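Line by line, the protein sequences are chains U, W, G and X. In terms of the working numbering, the first sequence has 186 at position 84, counting the first letter as 1, and numbering is strictly consecutive. In terms of the working numbering, the second sequence has 178 at position 89, counting the first letter as 1, and numbering is strictly consecutive. In terms of the working numbering, the third sequence has 89 at position 106, counting the first letter as 1, and numbering is strictly consecutive. In terms of the working numbering, the fourth sequence has 463 at position 249, counting the first letter as 1, and numbering is strictly consecutive.
Think of the hints as simulated: they come from the structure by calculation, not from any bench. Just so you know, not all the hints are guaranteed correct.
Claimed, not checked - Residues of chain G clear of chain U, computed beta-carbon distances all greater than 10 Å:
{"no.": "1", "residue": "Arg66"}
{"no.": "2", "residue": "Gly68"}
{"no.": "3", "residue": "His95"}
{"no.": "4", "residue": "Thr98"}
{"no.": "5", "residue": "Ala117"}
{"no.": "6", "residue": "Ala224"}
To be verified - For lysine-lysine, the following DSSO-like pairs were computed, each having C-alpha atoms within a straight-line distance of at most 30 Å:
{"no.": "7", "chain 1": "G", "residue 1": "Lys233", "chain 2": "U", "residue 2": "Lys283"}
{"no.": "8", "chain 1": "X", "residue 1": "Lys227", "chain 2": "G", "residue 2": "Lys85"}
{"no.": "9", "chain 1": "G", "residue 1": "Lys85", "chain 2": "X", "residue 2": "Lys424"}
All values reported here derive from a predicted model rather than from experimental measurement. Just so you know, even glycine gets a beta-carbon here, dropped at the ideal spot from N, CA and C.
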Amino acid sequence: MLKLNSISCFYGKVQAIRDVSIEVPQGSLVSIIGSNGAGKSTILKTISGLLHPRSGTIHFREKEITLTKPEEIVRLGIIHVPEGRLVFPELTVRENLRMGAYCRSDKNEVRRDEERMLETFPILNQREKQVAATLSGGEQQMLAIARGLMASPAILLLDEPSLGLAPVITERVYSFLAELKNRGTTILLVEQNAMMALELSDYAYVLETGSVSIKGTGSELLSNDDVRNLYLGIKVDVTSVNDTIERDYLGGQKDATSK
Amino acid sequence: MFVELFIDGLSVGSIYALVSVGLVLVFQSTRALNFSHGDFMMISTFVAYALVVQFGVPFLFAIPVVLGFSALLGVVVERFVIRRLMSGSMPAIIMATLGIGYMLQGTASTIWTDDIFAFPRLFPGRFVNIAGVRVTPQSIGVVVTTILVMATLHLFLTRTKLGTGFRALTQNRTAAALMGVPITRMYALAWAIGGVLAAIAGVLLAPTLFLSTGMSEITFTAIMCAIIGGFGKIYGAIIGGYLVGIFSSILPLYIPSDLQAIIPFVLLMVVLFIRPTGILGVKTIKKV
Amino acid sequence: MDMQPTVPALQLSGVAISFGGIKALDGISLDVNPKEIYAIIGPNGAGKTTAFNIIGGVYQAKAGRIFFNGADITRLQPHAIARLGMGRTFQNLELFSRMTVKENLMAAKHIHTRTRFWSEIVGTRGVRSEEEQAAEDVQNIMSFLDIEKYADASVEDLGFPVQKRIELGRALALRPSLILLDEPAAGLNFVETRDLSETIMAIRNDLGLTVLLIEHDMSMVMSISDRITVLDHGEVIACGAPEEVQANPKVIEAYLGKRRSYAET
Amino acid sequence: MYRERERRVWTGKLWWLAGVAVAFVFPLILSQYYLFVLANIIIMAIVAQGLNTMIGWGAVFSFGQPGFMAFGAYFGAILARELPFLPFPIVIILTAIASALLGLLIGYPCLRLRGFFLAMATFGFSSSIFVLINFLRSLTGGNEGMYAPPPAIGGISFANTTNIFFIVFLIGLLIQFGVSNINRSRTGRAWRAIRDGEIPAASMGINIAKEKIKLFILGSVLAGVGGVLYSYLIGYLQSDFFSIMGLSFFLILVSGGIGTVWGPIIGSFIFMMIPQVFGGMFSQSMNLVYGVILIGFVSLAPGGVYQILGKLQSVVRRGV
């Protein structure tokens, strides 16, 4: 459904992502994992039109959207729930939800969806009239996801939904993602919290300094030692490293330690 | 005397409020402090003068034309000057808006000279006596019109989708873009509304102050009102406007009238001394 | 040799701060020994940069004390802390963008020069010789970091990896005893990261500085750090040598998350 | 190496001496009118230089220059009127000191303010000065204005344009010399560092508050000195002369090249030449011309003429 074809992207002179190709089939949950600064969020920003890639193409349902404006991409049903939640702090919970449906014109349906969201998230229901700034981090994350869903997305791009959340809350967020997935929502998930994301993913990409280093199904990557190493920097016997990945940083590690 | 001056203050404060709310709307959306805002007001009022006095168009027809003119002026300035500079530095934007101010001033003095003109009252009539207090229909009219305008603006911002979208934009541009809010059209809208508010203020102010190119000096007072209220807050700008209006009308009872001109500034310094962010302002922390 | 028990180069005890009611740091304590390479790691949003900002005086701690070479710096302003010999780099480059590379480094020499405003206006011989001394030191640092060839270029025109080295150079130009590096490897490729590791080792071994760094590149952190503190949700969840930290289940969980199946929920 | 350096220092000094020599040539070739205009250009450049250090180097946006300038003009004139035996260099120095104190007084409360807040506070102080000038009628003549004594030493007056031109030119040259020295020194660097980022500047050990106060003081001293010189040139003072100048300094900075040592001088020249060039055609609408020029520079050539000249120079060099 969504297809990125060797995208490269720069912030000024800094290359953020390099030749990234990603595919998200209809109805699946695909995740991009990797450490901070690897360029995960940049990929999502490129899809939602906040950034334009310097090279490569993006197709959504066979239509090229590489240089389309954000507001038009939203109209196509690509909904990006940004990192750090970015709820509107001075709008009430309900107004935030309503903003999610900004591009929809079916008023009655929007009303119904609003009620449905408040039902799904009882915490939000209790605070319906409060401004979003007064919500806790977890509540804001719920609100951000709910706001994204209000657009009745064809595909949901989620950026680090567990960022800064206590483990219990993270679990709650993920339970909801599992539920969404079961309902058939197409999701592209960006996470640092690899285990949880991989558990849930049909397919996943590991991003390292701007390019895809490993890819595979969620369960494949879960059992892949390199993924663990990437996160914790545990030294592994070089011979055991999966051939599919050029892990030149291991050599570098030796250099640095040999000092 | 006190009550009469107070009502006078309300009427002056209404004008300040209108002008500073326009400034704040423009600032919230495009992060540009428009130093030509008073010139928008001045030139729109001159257009109104030309229509009503020079060409004899009835007020009722002239006003929509003037508001349209002012809105269009805002859109043009936003589109051709501000948008190119928005990513630039603060001094650049300040100087560009100062430049626009100069241009509007120059245009007005070319067409109408720098003389002072009498402007017809929208609300004619002599003093009325209400419970022993003498007030003019003009000042009542000004206050009532302002309240109506503010109420409309409030309803627009809180009850309509466009207005909610605007508020969302001012709180977080990225998130608003991700909701599908057309950002650039919102900028134009903000400048258009700013222009309309300035034009309304001008038409209300001109009958008492007289019309001249010097009218545009109101910009600085209006900015002070906005800062007093807590810069970037619409309701703050209203509070600031009325505070300055009332104080500048009443205080001359107690101090030499020569010093009246610095009342807004003294008020500003007092407020900033007590609350560095203004009355409704909140502190922001710069991240590194 | 000094036989006294060594004073920690940097000591945090029970440091806490909150923003808008949300606790960013909740009573963290750590000791950095002189000439140690010490890393603070933790997932995004754990409060690492906030810790740096408190140490450097940009934010004021709500509770707790901070000692730098034994002196209490909890309430000092950033410039006063810098004068005591603490240099730092920033997560998102904070170079003086409209100045040349050399000027950026010279700006850090501000605290080493003492000329008066009046003599600067006149441009006395004293001012000139002091300038030259400072310029010489800056020259040394530029050659240490191999950025001499960019000396007169405007920093805006240089690539990101070079800018990162310039920022490091600016911090070194303070001639600090402790240097704080906020994600020095972020945005660098493998080769550049390897060079950086070597540079950091050299800063400690050859220049004799204490290094405190925040980093996400785990292979680098694990290979160069003497000790590591792991932060999560504003609290210290582990502290120790790299191997200990790597093996700590709490750390693994903080980074990788808990394994749990959601199919049933 | 050492010799090379000494040589450069000496050639630098020779250039300044050459500048002094030029001062003696102008009166020979220029009419009184153009000497007057030239003196006026230098005065405007001095005041603009003060603003330049504040905005262009220190990112301290100030609307205060006209007020500071008026303060200097009135202070100097009143001092010379009340104490006629004071030689004029002393008057200028005392005015500079008074302006420095005023800068300190106003700079201090402004330290907490930034950006627009700071700009408005300086504007407010500036307009308060005008209000006070009109209010203290017995001292300043109020709205009617006051007569400003010409520069004099012990009863010998230098009241003609040529003499005043010399004074203005020499002081202008001294100021330019001092400012370009500061620009190259530690303090100038600290100011530019603050402009580019306050937090990193503080992290380099630069005391932001202290440096900003210095900026305020320098800005107001230059405005004050410019004010005294202006009073000599015009011979008569009215607060309106100054209050209408407000925006001129921005035009000077933007057209000349903000943040460069020579920008204010180039800009001042451009600013004073505009009426000479367009005066005939657009006398009614000079503001329109100023506005177009200001916007033109801000959006098309933000580095001003100084930058354009620099680019031309490099193009010519490459060509040769």
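Status of each hint after checking the structure:
With 10 Å as the threshold on Cβ separation, the claim that arginine 66 of chain G sits away from chain U holds: the shortest Cβ distance comes to roughly 32 Å. With 10 Å as the threshold on Cβ separation, the claim that glycine 68 of chain G sits away from chain U holds: the shortest Cβ distance comes to roughly 25 Å. Under the 10 Å C-beta cut-off, the non-interface status given to histidine 95 of chain G relative to chain U holds; the minimum distance is some 30 Å. The Cβ of threonine 98 of chain G sits about 37 Å from the closest Cβ of chain U, beyond the 10 Å cut-off, so the non-interface label holds.
Residue placement check: alanine 117 of chain G keeps its beta carbon more than 10 Å from all beta carbons of chain U (closest about 29 Å). No Cβ of chain U approaches the Cβ of alanine 224 of chain G within 10 Å, the least distance being about 13 Å, so the stated non-interface status holds. With a C-alpha separation of about 29 Å, the suggested pair lysine 233 of chain G and lysine 283 of chain U falls inside the 30 Å cut-off, and the hint holds. Taken as a hint, the lysine 227 of chain X and lysine 85 of chain G pair is honoured in the structure, with Cα atoms around 25 Å apart against an allowance of 30 Å.
Restraint check for lysine 85 of chain G and lysine 424 of chain X: the C-alpha separation of about 24 Å stays at or below 30 Å, so the hint holds.
In this structure, every one of the numbered hints holds.
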